[in-house]
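A.B. asks: Note that the sequence shown covers residues -24 to -1, 1 to 96 in mature numbering (1 follows the signal peptide of the UniProt record, and there is no 0).
Please keep in mind that the hints were generated in silico from the structure rather than gathered at the bench. Predicted model, so just to flag it, every value in this text is computed and none were measured. Keep in mind that a hint or two might mislead.
Heads up, simulated DMTMM-like pairs for lysine to aspartate or glutamate below, C-alpha to C-alpha not over 25 Å straight-line [to be verified]: (1) 69 <-> 56; (2) 11 <-> 56; (3) 69 <-> 84; (4) 11 <-> 27; (5) 45 <-> 78.
Label-pair distances were calculated between CB atoms; the ranges are [to be verified]: (6) 28 <-> 68: 17 to 23 Å; (7) 15 <-> 65: 31 to 37 Å; (8) 28 <-> 74: 29 to 35 Å; (9) 64 <-> 13: 37 to 43 Å.
Note that the Cβ used here is the ideal one computed from N, Cα and C, for glycine as well.
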Amino acid sequence: MAMKVFAVALLSVFMGFMVSVSDGLNPVDCSDIYKSGQTISGVYSIYPAGDVPVWVYCGMISVGNNKDKGGWTVIQRRMDGSVNFYRPWNQSKRGFGNVQGEYWLVVEELQKTSATALDE
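Just need the whole structure built from these sequences, with the hints factored in.
C.D. replies: Listed below in structure tokens is the structure:
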């Protein structure tokens, strides 16, 4: 039985109207990593608020839509039910899980990413 991977890449949709901005040294999101030539999905570090890295899973391929090439910053990754996603807000906003498996990205990091994009 093949393992079904359910990865929700809402960040790119949520911020689809924003342009990813990078200082040229550190990637702000997975789109920057993809544009630099990395095309293998996996765990990467991004820098949404400057010098502090945030480890995220980057989806470098897009299934079902040939127009979307990749570079998705995955904010929720659910695969096998090993992590309970039914949590109160005070836990959800801090993020939980393991970026190499099932996880929910830290909401505050998403806010930094969107604030960085809006400032530019």
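A.B. asks: Hint by hint, say whether it matches the structure.
C.D. replies: Hint-by-hint comparison with the structure:
The hinted pair formed by residue 69 and residue 56 meets the criterion: a straight-line CA distance of about 22 Å does not exceed 25 Å. Between residue 11 and residue 56, the direct Cα distance comes to roughly 30 Å. Violation of the 25 Å bound is thereby established for this hinted pair. Distance check on the hinted pair: residue 69 and residue 84 sit about 7 Å apart at the alpha-carbon level, within 25 Å; holds. Under the criterion of a C-alpha separation no larger than 25 Å, the hint pairing residue 11 with residue 27 is consistent with the structure, at around 20 Å.
Note on residue 45 and residue 78: the hinted pairing holds, with a Cα-Cα distance of about 23 Å set against a maximum of 25 Å. A hinted range of 17 to 23 Å holds for the C-beta pair residue 28 and residue 68, which are about 20 Å apart. Range check, residue 15 to residue 65: about 36 Å between beta-carbon atoms, so the 31 to 37 Å window is met. Taken as a hint, the range 29 to 35 Å is violated for the pair residue 28 and residue 74, whose Cβ atoms sit roughly 19 Å apart.
Take residue 64 and residue 13: their Cβ atoms lie about 41 Å apart, and the range 37 to 43 Å holds.
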